[in-house]
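Enquirer: Both chains come to you apart, so use the hints to assemble them.
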Amino acid sequence: MTATRRDFIKQLGYISVGFSMVGTVGLANGGFLASDKIDLLKGLPEKNQINAWLQILENGKIRVLSGKIELGQGIRIAIAQMAAEELNTDLDLIEVNIAETGVTPNEGFTAGSSSIVSSAMSVRKAAAAAREIILKMASEKWGIGISKLQLRDGQVIGPKQEIALYALFEGKQIEETIASVTEYKGKTIRKYVGQPIPRKDIDAMVRGQEVFVQDLRFPNMVHARVVRPPSYTARLTSFNEAEFRKSPNLLKLIRKGSFLGVLAKDEYQAIQLMEKAKRLAKWNAPESLPDNINLKEYLKMLPADVEIHEKKGDSETSLKQSKNRLSASFFKPYLMHAANGPSCAVALFKEGELYVWTHSQGVYPLRRTLAKLLKMAEETVHLKAVPGSGCFGQNGANDAATEAALIALEYPGKHVRLQWTREDENGWEPYGTAMIVELQAGLDERGKIEGWNCDIWSDGHSNRPNGNPNTLLPAQFLEEGYGHPGIGYRGGAVRNAIPYYDIPDLKVETHIFQGPLRASSLRGLGTYTNVFAIESFMDELARMSNSDPIEFRIRHSTDERSVVCMRKLEQKLIGISLKDGEGLGHAFSRYKNNAAYCAMAAHVHVNEITGNVQVKKMWAVVDAGETINPDGLKNQMEGGMIQSASWALKEEVRFDALHVTSLDWNSYPIFRFPDVPEVEVEVIDRIDQPPMGAGEAAQAPATAAIVNAIFDAVGVRIRELPVSKELIKQAKISIH
Amino acid sequence: MKSIKLHVNGQEHEVEVAADTPLLYVLRNQLQLNGPKFGCGLQQCGACMVLKDGESVASCRLPISAITKSKIRTLEGMIDENGNLHKVQQAFIEEQAAQCGYCLNGMVVASVALLEKNNTPTDDEIKKKLALNICRCGIHSRVLKAVKKAASK
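Line order of the protein sequences matches chains A and B. In this text, residue positions in the first sequence follow my numbering: the first is 1, and each later residue adds one. In this text, residue positions in the second sequence follow my numbering: the first is 1, and each later residue adds one.
Far from chain A, by Cβ distances over 12 Å, these chain B residues were calculated:
no., residue
1, LYS2
2, LYS5
3, GLU12
4, GLU14
5, LYS69
6, SER70
7, ASN119
8, LYS153
With a Cα cut of at most 20 Å, we get these calculated EDC-like pairs of lysine to aspartate or glutamate:
no., chain 1, residue 1, chain 2, residue 2
9, A, LYS200, B, GLU76
10, A, LYS617, B, ASP124
11, B, LYS148, A, GLU680
Honestly, the hints are just simulated from the structure, not real lab data. Ideal placement from N, C-alpha and C gives every residue a C-beta, glycine not left out.
Pulled out of the complex, with its shape left as it was, chain B reads as follows (with noise of 0.2 Å):
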């Protein structure tokens, strides 16, 4: 076991642990993140999704070693230094689109990713780039109400 650096939410880490650790759980248990979220453990359904150099990516699988060099931000980093919410956040809240909540992690990264390179999704859009993403509740039309939404501001 050795020392890895990683860059998560803007700051350098440091953490000791297996190279082939998945960043998941480096996320979870080493810098306490309670965003990503352990769904599958398989890339199958997106709650663990962070964002990878700004695309989205389920982090379940992804071994700790081969991502060092890459900038990775999490739920908690979408939140800027005052405090405010990413306006995509923002509109989760306003169309409470949720029920267990336990997916939101997932559908927000993977709505920030699809909204930083396409401000003008159509609704097929949408649900394409969420397709990896499970939600259990079936709160996917306020999902796509939400989306809307933020990418209207």
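Okay, chain A solo, but in the shape it has when bound (with noise of 0.2 Å):
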């Protein structure tokens, strides 16, 4: 990209909006404030430099650059907090510009917890080097001693002189790698991290600023729909284009291969005449699902890699020599992201150059897909991230703009913008896959786990764009003929399948197949099943050997931090009592072994009728390491306990032979208010640990916890979910 292109960043609302050519936005409230000149970075930020994090702007801000985009986690306040401390920086001098192509670092995906661990983290490390430099070179221009200089609110202060960086830097931004750093104030000082900080977002959301992709507004923007196929492998046989072409409001008809779109300069004549193609559309859709089958069995079925991931002394023969074994069969449904607000993107071809606005969680892997399904240059592809609705995961977000390119591109000069439907999110979503846990464990005569086996049966949990087009949904349906992109990343399945416990024979086995639904990318990827699994398996193994639960699970802690979020939780749930039909469960898991501890216990009321599961509440405590904003890893744990919550009583994606049908509210039941549990969530602050995400620590510990409070509550054990179809099919034979 060219300076004269992009001359100018411009923000409206909370968007900022990028790209030159949008200075002739036309906004709905005003508003709009053009932000300095910004010094083009040549080629691709480098990482290891500190302006390609950091930039000194003209007004007295600080700009700092995250190739992370913000998602409703946080991470926008979390980044700038990192940013004031080491800067002593009023926080509204700090402004946060997330991901976007030749202008952000490439971060990769937003993903897996990690934004606080690599983005927030070389912000802080830039932003302390950043403040050693600046001293030494106040210092040296005015001859001073650098301890009787001081950086605060972007000036250096002297005992009898001040500058602005910007002056200090002559305009220039700080071209020094980021070298090693000699203190953190953010360990230190703690003025702003580690503060629950209110994030500043909230109150342009409140007031109904330009917050979203789906609120960009362009000058002559045009409208466009997609019409779906009826199944994923469904060719277009007939479609009368010229009758079609007739239709009023119709700007274009866009056609290739399968693709079908449809433009108009209005929004609602783009659905009607999304409507009208469907009704004019003949497909050839084999009916390929398997429907009228029980899809535990069929999975496990299905052909499969196997192989052993963990083996770990002989847990086949301790398992023989074991008093007491245990083995058990767990089943979790495919799960859908269901984004509340459905994908949406813009995107503009002008002058050989494509711009695509969009809520991708990876920019640069996505420019790099979609150049190539283009056939373009990847220079010539220019992404700019702008939030979107929560997605936890890999949702529509890539196809959609992928699929607004493939429209723009038909129609040059015009903002597209492409608005997915309900039905689209739902229907056409890579989901979370179906998964089989299957464990056997044997205790020896002192209560000790001596031997464990688990199998895993699952598809990849991850299909994001890697480069090869097929990751996108289009691709399927043009020409070319990309194929179905295959089972992905297979490490996902494993992810916390050795249990966080000392065990000494264990050995863990993993079946990947390539299932029948879309999967990719879903909150936590394959923790949440096994977690499930284990944690439901340690209750059942803590009753066996007459053990307390939370006693059990300590008993096989060698990690203290686990041993301190039990021992909190237990103090939590001191003198509880509990009616007929309620009971209470607890889990614990460290997120991949590695990141953020979680304890968690559920207060469960069943209705022993009808089988309707109350969630009364949930406590938890949390051990990320070093605390960011204890507010925001709050506000994550208490979403992440009730989407988990929802996720295990009530969801299931469905499908008959030919395609989805959980296509709306109705057909995907969520929680909804009156389901809802008071949470409760307590934070272990370690300042002298390194901070790790948190976003996903809760999701797994909280199903455990709810099934095996259900246990405790009405004697049955759920091992499939979803609970609502699970346990009314056991009481028949277990609670009455």
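Expert: Quick look at the structure:
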């Protein structure tokens, strides 16, 4: 991108829109803030350069560049806090620019609770290094010792003099690389870091300012809709294009193979045209999904790659010798991200260059993949991340961006806005895969686990854009015939498959299949099912050895931080009285076995007649190392607990032989207000430890605690999700 | 297509759209308001809520021709002429009752509708009133706190 193409970053509301041509954006409510001219970096920002992360602006502010996107996890405020602390600069003087190709560093995907660990830590390091360089520079300029100087609010202040950073650097950026840092103020001063500082974007949200990609408006913007096929493998066999082109209000019909899109000036017209095209299109759509068969049995019959993931000692022999043995099989159905706001993108093709505004979690990987699909040079494709609705993994964002681009290429010079429908999102997003986990364990005479076998059946857990266009949904329907993207990243299946407990003999084996539904990353990947299985099993083993469930876990824990979490949880539960039909359940996990620790408890009530479960309250104790923003961390935990309870109790992607049938909120019910439990979170802040993301820490133990509480309440062991379906099935034989 | 008059946030507007156009698209596109959001287009999620004569309603299937005599208030219309936020909006900020914030419009609108009729709602009354409003991030417990806080003011 050349300097003339993007001289300005414009800000409207909370969206930094980027790309020079938006200088003419028509605004609803005014509020356009032209910010300063920025120095363009030559080529890709190098991550070891301070100026890849920090820029000194003429207006006295400091711009922080992050390759991550804000998706409701509060990453912008956490990153701002890191920079503010090291630069001793008021938060109002710090602006955070999220992912944009050619502008921010390439940080891959915003995923896996890694934004604090990677982006925020890089910013901290760059800011601390910058502080040392700034003070040294002022010291040399004035001939005054560094100890007599202070950096504050974008100024260096000496005994008798002060200078703004922009003047100190004479309008240039800090050119140095990030050297080793001698002190982190975030570990010592903690004026900003570790404080529950409110996010700034919530103010913009309650005022109805432009915040989301869905809110972008451009002069003469046109509206697109995609005409969905009836199934994954459907091919368009006939469509009377000549007839359809006569439709009033149709700006353009875009047909590429079996990909059909419509364009109209007005959004409602585009919707009506889409519906008309749906009626006219004839498809060859084979009924190829396994609808009349038990999904669990079907998945186990699929061809699978079998691999031993972990083998320690001889679990087969120790299991045979065990006095007390237990085995069980667990199942989790396909789950949907079900973002509240369906995916959306705006694309513009102008003078041979393509610009896309997207809520994708990875603008660089998407650019690489998109450029290949469109047969364009990567340098001519520019992507700008704009917040979308909370996605919790890969939803339709990349696909909507790709489709908007495909359509924009056919309609140059105009901004094309593509809004997916609810049916598009529910029916076509890549789901979190169904999984089966089978466990066997043996206890010795002292009630300690001596052997453990685990078998996992799973699809891959990530099919994010990786350079191969087949990871993008519309590629399946183009003439080129890009095939199925295959299994994708297999590592997700074994995430947290090894219990974070002391077990001498252990084996974990994986059976990776290619499942019937499109699948990709969903919050926590395989951790959710693995921990649901392990922690349910731990509860059962504890009862088998007549142990208290928390004591039983502590007996198997060698990590003091695990124990502290569980002891704190225990304290919270003192004095809880259970009424008829009520139960209390516990769970513990350390996310990825190397990130945040979480101990969880749930208090449920089971209606023994209807099988209805009400989660009354949930408690979590979390240790995510050094806490950057305790309120942000709590918010992530609370949300994770509620979302997990919803997954466990209600959710399952349903399909018939043709396609997914969970196409709206009635056919894919999730928690609503009357279902929601009270949630309480305690944060253990460990300043001496590195910070760890916690966006996924609560998800798995929350479900495990709930199913254990159900057992406590009514003696029914839930090993298949969702609970509602399973409990009703089992209720007939067990409860009554 | 003919000119249709509507009354939004205390002002008369005249738009030229098909009479069956749902109010949501008129608010977002013709009036360029960001508050009401497209969530499902099926009146199942509440993202598009507005106040119609004081009642919180989903605007995504409400034909424009049916509301010409109604007074519509959107999220933007909760802010007074001096830029002061409604106590519900203020409470959402104070309780940091958002993650992605996409549902926030509907949550605020439904809560305003509730408090304008009942300024001392119980938890159950709040939950019942907000039952249509879908939130995927799980901010429900914070919304409850925010509504109760606003009610106490």
